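S.K.: Chains as they are written, first to last, in the numbering used here: chain A, 1 to 249; chain B, 1 to 251.
Just so you know, these hints were derived from the structure itself, not from any lab. Watch out, some of these pointers could steer you wrong.
Keeping only pairs whose Cα atoms sit at most 30 Å apart, straight-line, the calculated BS3-like set for lysine-lysine is [as the list claims (entries may be wrong)]: (1) B/K67 x A/K13; (2) B/K75 x B/K179; (3) B/K112 x A/K13; (4) A/K35 x B/K137; (5) A/K13 x B/K49; (6) A/K13 x B/K113; (7) B/K188 x B/K75; (8) A/K13 x B/K137; (9) B/K123 x B/K100; (10) A/K35 x B/K100; (11) B/K49 x A/K213; (12) B/K114 x B/K190; (13) B/K120 x B/K179; (14) B/K112 x B/K188; (15) A/K13 x B/K75; (16) B/K123 x B/K67.
With beta-carbon atoms standing in for the labels, derived distance ranges [to be verified]: (17) A/A246 x B/R72: 52 to 60 Å; (18) A/R10 x B/H110: 14 to 22 Å; (19) B/F138 x A/A246: 55 to 63 Å; (20) B/F138 x A/I39: 41 to 49 Å.
Computed from a predicted model, the values in this text were never measured in an experiment. Each residue gets a CB set at the ideal place from its N, CA and C atoms; glycine is no exception.
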Amino acid sequence: MWDFSVFLNRTFKQYLSPYPRFTFFYRQFIEIGVKSIPIVLVVGAFVGMVLAVMTYQQFSILGIESMMGPFIAVPMVSQLGPIMTALMILCRVGSAMTAELGSMRVTEQIDALHCFGINPIKTLIVPRTLVCAAMLPCLTVISDVIGIIGGWVLGVYVFDINESYYLEKTRSYFMAYDVYVGLMKALVFGFVISLFCCFKGYTTRGGATGVGKSIMEAVVVAFIAIIVLNFFMSLIATELWQTYWAPDV
Amino acid sequence: MSDSFISLSGVHKSFGPQHILKGVDLEVEKGETLVIIGGSGTGKSVTMKLIIGLYPPDEGIVRFDGKSWSERSNKDSDKERQRFGYVFQGGALFDSLNIKENIAFPIREHTKKKEPEIDKIVKNCLESVGLENIEHKFPAQISGGMQKRVSLARALSLNPEVLLYDEPTTGLDPINSQKINELIVKTKNKHDVTSIVVTHDMQSALYVADKIVMLYKGYLIFKGSPSQLLASDVPEVKTFIEPALQHVRRQ
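The shape of chain B in the complex, shown without the other chains (with noise of 0.2 Å):
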């Protein structure tokens, strides 16, 4: 058995026809950042939610701090879950909430914190994404840019021990994907929180990653640090990373 903090062993999973996920093995140690490349429609977005134990895999198990989601009650893995935050491609906001009642909203259903309370946490998380005085706010009254961060604010308001991303800089402009990664990584130092970011944006996966690996049609077929994964002799890897390479190169 495996003793990381996270792992999956032999993970299958399909939806209908589609076999997404085909034998996956992957370990995440703690206070670590590990980044999941590949193309669309790989599983990576899948993977994550296998992590948190929303879809149960077909075959093979995922464990998380030593324990399989499966061997766990609904109510416990509910509770576990609050070890986790979890920040979503479109951000996943609740839109008939304000940013404040949304940032809020774990913690009042999770602890009996009172009003004064909830909201000096509420404006930490905001500081701690680089936003202020937008509490009163809805989603919708936010740029895309801010509606992620501010969704990372409400994935650190219950201080989680782990943190996945999924796909943080998609449809960003480079200013605010810049902006993003750097709150991944400072996030990561100020909270020690064990991170897990899916993405298919190269610069951001080798500015954020401690380990990198890539999923291929359903295959994990790379595991290793940024700088193993740049010297990769395997094709698949090779014509990935090839254009944001050529990228750093013209810059």
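Chain A with its partners taken away, still in its complex shape (with noise of 0.2 Å):
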């Protein structure tokens, strides 16, 4: 914890001081952003239409398959799509970044920059960081659309719902506060996953065995601090509606 206390530290004092060159930035933007949306796409696309089907499933019962629009929509913004998102990307791009910081590690490449008189943390860690914690919320946007629009086909074409009472009940139940809750999530998650990733990474002792240990570690943790934190932020947040903005009944 005190090691992990003291990366904090020194990342933070770097937010604050001058960014590196546009091309660390770049290149991050292109890894972490560009080259996941594929991945995001089929994984929303199929957590909307398993929610469809789950949600049709159950409201088919009660007679109430009309209304199923915003039970796919809701739990797709404020808990799904953030939490997917979070965990193809800590799989896809924070192993990766612990992996790659590993390796320069205990190849000293990392000292080769102290030696050059760079600091490692504003050239290998910022960058990583904020990307991250910038992406993380455009993608959870392009997981939430295509998994409400694999609700929505699988809805209205496959259980034949009528389209305009399903996108009507979507509607007037769908808020903009879910849609803010799980960006503050995604941005949330963005910086866990990249924050951990970076730190096990960049303290990798001991040849490859030792960045194998870095990365198992750095996603177990990354994995259960998302699930946690996804918990206490849910709660927190309906918490905030209900005492702010829920109408009075």
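Two independent chains are provided; combine them into the complex using the hints.
M.R.: See below:
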């Protein structure tokens, strides 16, 4: 914990210092953002469709299957969109970050940066963490949209629900607040994933075995952190909604 | 206080329970080539990293150009490190960048030079280590010997005053080892740099050194010229250099 605190302190200090060249950010933007779009599209679409199947199955028993629209859209934007996107990014990008930084550490590439008078936190960690935190909400929006479209396609064209009724119900129960909560979660998950994974990579010791161990620890810790944080952020969001914005009944 | 360009006074360094350096005193004068010899795990590379200020000593003082690293701020230390070039044992080339980008990296970070000027410096650095037309290759696409030479080219890119070589000939065949030895001498003469070489290759040490020191179990047990080393009566020194001497005699 102490090492992580020191790492965070150094990283946050660098956030307030002049940033490295644009090239460092651009590379991460391509790696983290652009190259993750296909996987986010596939996962988002299937999560939306699974939600549609599950909702239809339950609601048809009660005879309210035409109400399924908002029950796909709301969980998609506030829960499943951010969580599934975060987990995909953790697997695809987080593990790669730890592996790359870990290899750089054990082959003395990070020491080489120090020797050139270049701060490795500034050139390696700052671009990765900032771009990951900025890209996760963007990817979450893509996942949300494709998930809702997936649910709509299944609901309207497979389960034969009236389209205008489906859309009207979705519109009336769907709130911008859910989107804000989802995006806020994605932003926090982006920081958590990149900070944990960069920390484990940056502090790797002991050759190839050490790199493997770091990847495993980074993914497991970040995975648990995402699940736990999601619970507490959902709780806080609900509390805030009920305290400040819920309509009086 | 020592007036030497680089000095270590009573330096101790431990990693966990391992006490690596046990009170090392060392001076390096401007323009000389110092070779640090010793067996594996005796603290040679640690000494180099102390000299460049990457590791702080547990006890004692490491001075560079009259000032200890502990007296300098982080920003100041980063600036002073630009006066060093470090040739790592494994090259430590950035494997996501091609050779040109590797050599240009410190130039881009520390200067505002334009691309044509950077191209020229990269070409000159590669030429000075006897390489050409490999700018667009990646480190994984060149041999170990070439990687070490590229590492030296990168170290030369900011015109350093001090060059640190960590096991420059380890893992190389005799021809490539000799090429590296010649490069060390040529670089010293051409760029007038102070060089510190860590090695356990005695042939290399005797070829490049103005002064040799030997580390043994964390202590500095010998300091002197190559000829003094060959004449040394210290049993540990004799044991260490004997195989190399036999090889020379056979040749």
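S.K.: Give a verdict on every hint.
M.R.: Verification of the hints:
Only pairs whose Cα atoms come within 30 Å are accepted, and B/K67 paired with A/K13 is accepted, the gap being roughly 26 Å. Taking the CA atoms of B/K75 and B/K179, the gap is near 37 Å; set against the 30 Å cutoff, the hint is violated. Taking the CA atoms of B/K112 and A/K13, the gap is near 25 Å; set against the 30 Å cutoff, the hint holds. With a CA separation close to 24 Å, the supplied pair A/K35 and B/K137 stays within the 30 Å bound.
With a C-alpha separation of about 25 Å, the suggested pairing of A/K13 with B/K49 holds against the 30 Å cut-off. Of the pairs offered as hints, the one joining A/K13 and B/K113 holds, with about 28 Å between alpha carbons and a cut-off of 30 Å not exceeded. At most 30 Å may separate the alpha-carbon atoms for a hinted pair to count; B/K188 and B/K75 meet this at roughly 28 Å. A hinted pair counts as satisfied when its Cα atoms are at most 30 Å apart, and A/K13 with B/K137 does not qualify at roughly 36 Å.
Distance hint between B/K123 and B/K100 is fulfilled; the C-alpha atoms sit about 8 Å from each other, no more than 30 Å. Between A/K35 and B/K100 the CA atoms are separated by roughly 26 Å; this keeps the pair inside 30 Å, and the hint holds. Between B/K49 and A/K213 the CA atoms are separated by roughly 26 Å; this keeps the pair inside 30 Å, and the hint holds. Of the pairs offered as hints, the one joining B/K114 and B/K190 holds, with about 25 Å between alpha carbons and a cut-off of 30 Å not exceeded.
A hinted pair counts as satisfied when its Cα atoms are at most 30 Å apart, and B/K120 with B/K179 qualifies at roughly 24 Å. Of the supplied pair hints, the one linking B/K112 and B/K188 holds, its CA atoms being roughly 27 Å apart against a limit of 30 Å. The suggested pairing of A/K13 with B/K75 holds, with an alpha-carbon distance near 13 Å, which does not exceed 30 Å. The suggested pairing of B/K123 with B/K67 is violated, with an alpha-carbon distance near 35 Å, which exceeds 30 Å.
A C-beta distance of roughly 58 Å is found between A/A246 and B/R72, which places it inside the suggested range of 52 to 60 Å. In this structure the supplied range 14 to 22 Å holds for A/R10 paired with B/H110, their Cβ-Cβ distance being about 21 Å. Our hint of 55 to 63 Å for B/F138 and A/A246 holds, since their Cβ atoms are close to 58 Å apart. A beta carbon spacing of about 26 Å between B/F138 and A/I39 contradicts the range 41 to 49 Å that was offered as a hint.
Hint compliance for this structure: hints 2, 8, 16 and 20 are broken, all remaining hints hold.
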